[in-house]
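**Student:** Note that the protein sequences, when read in sequence, are chains A and B.
Under the numbering used here, the letters of the first sequence match residues 1 to 695, in that order.
Under the numbering used here, the letters of the second sequence match residues 1 to 726, in that order.
Worth flagging that the hints you see were computed from the coordinates, not collected in a lab.
Treat the hints with caution; some may be incorrect.
[What the hints assert, rightly or not] Derived Cβ-Cβ restraints for the label pairs, each shown as a range:
id : chain 1 : residue 1 : chain 2 : residue 2 : range
1  : A       : ASP452    : B       : LEU115    : 50 to 60 Å
2  : A       : ARG363    : B       : ARG568    : 26 to 36 Å
3  : B       : ASP233    : A       : GLU405    : 43 to 53 Å
4  : A       : GLY85     : B       : GLU676    : 37 to 47 Å
5  : A       : GLY366    : B       : LEU115    : 43 to 53 Å
Fair warning: this is a prediction, and the values are worked out from it, not measured in the lab.
Cβ coordinates follow ideal geometry from the N, Cα and C atoms, glycine included.
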Amino acid sequence: MTAGGPRALIGVDTGGTFTDTVVTLADGRLGLGKALSTPGRVEQGVLDSIGRAAAGLGLTLPELLRHTVILTHGTTVGLNALLTGTGARVGLLTTAGFESTLPIAKANKTHGLDELDLTMPTRWRKPDPLVARSDIAGVSERVDVTGTVVRPLDEAQARTAIRRLAARGVDAVAVSLLWSPVNPEHERRLAALVAEEMPGVHVSSSAAIAPVVGEYERTSTVVLDAYVAPKVTAYLHALQERLREHGFGGVLMILRTGGGAEPVVQTLRAPVNTLRSGPVAGLAATAALAAKLGHANVIATDVGGTSFDVGLVIGGAMQRAGTPMVHRHALAIPVVEVESIGTGGGSLAWLDHGLGALRVGPRSAGAEPGPACYGRGGTRPTLTDASAVLGYLNRLGDVVELDVEAARAAIRTHIAEPLGISVVAAAEGIVRIATDQMRDLIRRTTIQRGHDPSAFALVAFGGAGPQYASWYSQGLGAVDVVIPDLAAELSAYGAVASDLNIGAERGLVPTPVPEAGTAVTAALAELTERIEAGLPGAVDDVVAASGRSRVLHRSVALRFYRQQRRIELPVSLPVGAVELARLEAEFRERYERIVGVGAASKETPVEVVSVRVDLMVAVPVPSPVVRAPGVAEPAGTRMAWFDGVGHRCAVYDWGRLPADLDINGPAFVESEQTTVVLPPLRTARMDTSGHLHLG
Amino acid sequence: MIDEITFEVLRHRLDAINDDAALVLARLSGSQLAAEARDLNTVIMAPDGRVVCCGRYVLAQVVSMHLVVRDILENYSDNPGFGPGDQFITNDPYIGTLHQPDVVVVAPIFVDGRLMGWCGSTAHQPDVGGPNPGGITYDARSIFDEAVPMPPVRIVEGGRLRRDIEREYLIRSRTAELNRLDLLGQVVANRSVVEQVTGLCAQYGAGTVGAVLDRLLERTEALLRERLRVLPDGRWRHVSYVEYRPYGSTAEEPETVYAVRLTMTKRDDDLELDFTDSDPQAPGAINAAYPALANFAIGSVLIYLCGGLPWVPGGVWPVVRILSREGTVVHARWPAGVAMSTAATCQAIRVSVNACVVRMLEVAEELAPLVMASCQAAGGGGGTVHGLRADGSAYATMTLDEISGGGGATWAGDGADSSGYTTSPGASCVNVEVNEAYLPLLYERRAELADTGGPGRHRGGVGTLHALTTHGTETPMTMMSFGQGLQHPLATGVCGGGFGGQSVIAVLPRADLPVMEGPPPEEGRLLPMPAARFPIGAGDVLVSVSQGGGGLGDPIEREPSAVLDDVRNGLVSPDGARRDYGVVIVGDLGEPAEPRVDEAATARLRDERRRDRIGRSPVPPAAGGRRGRRLSAALDLVPAAEGSQERDGAVACARCATALCAARENVYEHLVVRDESPAGRSPLGALYPGGERFVLRHFHCPGCAAQIDVQVCRAGDPVLAAVEVL
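Between the sequences and the hints, there should be enough to build the whole structure, so can you do that?
**Tutor:** As structure tokens, this is what we get:
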């Protein structure tokens, strides 16, 4: 790092279309960069995007990179390999007799299907397994629930099995044996044998990556890991190389599915941790931002092209998903909970003649040809087309010119004429149905889980969140509705704002709390040792760069006997009778708070099911330059329709809007990347940090 | 008239409210049945109880929940009455549940003093009392030997859970704590639905919300009628069998066979399901009372006929007329026992409706995407286990290993392998590690089993073999098996496809497991039928096989390359390829040689098969498309020639155009009938006493030898008129 310039933190988020960069400098300045994503050479888009951000700050790419202490990156390379079916040919080694665990997939034939497929039984089937049945090999061994070896590992037979997989041409190997979370010896040995027999091939071991009880989810997770590993590791190596070429000497961190970011060496060991990191970045940014605004509880909402995502921050913390999946495959690693429905800008509006209903989604127009207003030949109406027709949208970034006529024709032909209503009424109907679906999802993730939305602030981001937030936030009673600065680049900002987090979890054989002291103590010690032993030097660099110290969080997950709902609680050492009694009492109290008084029966035993240790280093982000109060004239006006009435609406420029000025709807606030729609009677006010609050 | 936009907003909201109720219930439940197998479901109902919103979990638990509501309306309107904040509990199979372990809790929804509708849920309980853990007594003499059911009782009054009634309910159960959590979950779920629907009425007006419920019912009925109207009128028949050893019969005599006989008639836009010819009831366990018949019949109509339509069961009811006779196995008369109905007679009801509906759908090519063969029925792996752990504590539960059988084949592809029941779409089997964590047992195997999928042009999904021993305890485990489908297969194929593999359940010395898994002896392996309760001791292994799904189409028309893929993946064995598909696989299965199809030998073998089917050389397939309207996937109804005697035309083979008979004749009597013992395809070569009474009856075109249909029947039974032109 060269002396002289202000130290920089960089966040880069690679999305399907754009790669966004946010740079924060120690003096509070912000740099933004946007470049087209470059499939096949993803690292090029990353460098382009950082280069643009550097240029905006008056720096060259090497100048910026030399001053950068931490670069945090969210990548979809692994997810894309999964979605396009272009991952590795994986071989799976598993306990002999249980080769069918993955294909049986617990008979989950409808998990993750959309609403339409759920009433079409001939489409009920499991996703195709990521490993061909013929590439699954059984290994003679068996461990029982106590960790006792029932059948020793037959090494000769194991080597034969490995050689057979090698001969079949597999290019990554997953290892998942029964009860390996309790006794990982056989798995470790097998992984070593694979390394001997197939040098250089990526090996994913379930005890290392997802040591939790439940062999199907654990196996699915290691297979996902092996499936994406070659692509993700090749990409990360290439990226590191290119960054170094351009003078980067700081720490490269990668966003994790479970929240936070980890030094890249950790990711290279378990690339599965990147698979669902996309929505997490936005949520992380939301949490950081809300904390600055004084909100501990936040509903984070993101409207994308094909989906609407909702995540919760409660007491400053992101929430864990109970039974997470990715592309219908089970994941047994910590995943930040983000609920999703297939309603986004590209969702198709269609008439359900049978029911007599106007419906929106779950099918979407996709990227090509996309909504009719993209002018790429799409003729079926989407939510975005409805917004275009109503005058809510004037542009979509700087890439697409809107073809409003095409949008109008699509809505007229497919919706308005068959229903005998005006195009405007049809378009407003589409917006209403879509935003009501969004609000239904918010209700389900809050009220239905015992959270009162009026104790929450709602944050709307993503390219289209600000367009629809006025509608979907209505009637929820949220204390504050915020469109953050950088709403469209929030994922990149979230990368900058993510703390370092290296976590390790270990599933326990469910044990009643009073009897769990020894097991919990041993597991905590083992996890702590494992984390510290595996620590890359990068952690020290992050400590130095952030000026914060490392913190160890220890927690246990408890639940009622065999129940699905688990609650994670922090645990203090030593884990003796006193601490165990406190944990059990706190569990019962928290349970009643969520579920209702009287729900936590005294007679039902509480059991410990897993133990986790997280090593965290906070990465504080400099405060932005303050926005001053003042007055503003609209940058222009345009016609838009609300409740069937055409209004000439003021259009304000986001960048020039002063703080504390009340804007009254109908009006628009636009930046290059996003449009905030304010219907009549809604108001908005910018704060001094540059976040817009809807009233 | 409510507009399309408001309607959609409210429709979506009501569905979301109902689905949330199921999630609330699953999250609160402490029982593995609710939490993992999702053995539960929730509904929102119209004021008269007709089900409008229906969850996607166990369909048959709720599609006829109006029976419970009607009982309350008829019997309790004055005494004890019901009002806002009340909820009723029942597990009475003679009133509205499938069997005693299914506990229903319903709540009226009042808005401004007016009854707006009802909501409710069903949750399967681990135990509801009676002589045996798990709630089922195999050899019951009557329902008094089972858990005595609780008719609807007002357990929540004005929002308050009645402590006295809660105790009265829980004292019956060996798992009172788990039942209590489920009860609480059901009460909380109902309360949340009532609150949200009330809020919706405040926002949109009760009249509007009521209109949405009405429209969903009306439109669903209209759409189903529309679907039926495009189909020609006709009558279809199917017989399915249940085996059971009623109280008092000796172990020496074979199990009694109970036939479920369905005659389904479609005229214009009405569908009639006539079960009146079914056999007289048994004294206990296997019977279905009327609500179980209604639930399974309507649930099956939803699954097999209503794909792509809104799933509003209350709208299906007016279209479907169910006929039955009290005192039969499908419509038991009090006090016959019924606790095992879901695993026994209800599966036969479901398979019968499946077979008849598919035969009806085969007539219309545009409805081909709905055609699906039968999935697994209850059997191997199904049952309750109980015993003592090493520390002396008792356990009693189900392993849920049965939820691993195959799904039925469709025109789009093979049936879903190891995918469980189609009627319980959300249900999962349980991780081996989860069962081993809570129960003193150790699994030796859990493996998809080759050749268990029903042979067909599209193969049925395979079933799964489980082998387990007791572990860490000296006490034997006791099992009570639901074991149907041991003497003959149950999962019917369609359009000429074969049956899915049958169930196996066996207790053997542990050392014999490899032998059992090896090639069976020529004469098969004769195994004892499971007794009412049987022990699995320290040196024993319990082997069970869940059934495969049914196939679709003639198996010797399956692409040899698809059979080869199945062989590579271990879903079909090389012997099975030859036996079931007439495909000759050569080459080593191990490395480095790859198996491949011997094309010439396959062609020869398939020719030979066709000759064997009809006893002479078959005629070649005819060129050109279908001649006349479809009578089934394989048969055409050819219009009568000008001036012909046969005014209604004639039936001809769709493949070779061979004329078979006049339209009004029973075409099955004009096909070549070939009866085969089911033993030849039984998994592991397992044979059970009584199995010799059954045959797999294959029907072939006398011209080209195409396989037109396969049925299970008793040897010597007359040929069923499975398809009748009206």
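**Student:** Decide, hint by hint, whether the structure agrees.
**Tutor:** Checked hints:
In this structure, A/ASP452 and B/LEU115 break the distance hint of 50 to 60 Å, their C-beta atoms being roughly 29 Å apart. At about 35 Å, the beta-carbon gap between A/ARG363 and B/ARG568 stays in the expected band of 26 to 36 Å. Here the CB-CB span from B/ASP233 to A/GLU405 is close to 50 Å, well matched to the stated 43 to 53 Å. Taken as a hint, the range 37 to 47 Å holds for the pair A/GLY85 and B/GLU676, whose Cβ atoms sit roughly 42 Å apart.
With their beta carbons about 46 Å apart, A/GLY366 and B/LEU115 fall inside the hinted range of 43 to 53 Å.
When each numbered hint is compared with the structure, a violation occurs for hint 1 only.
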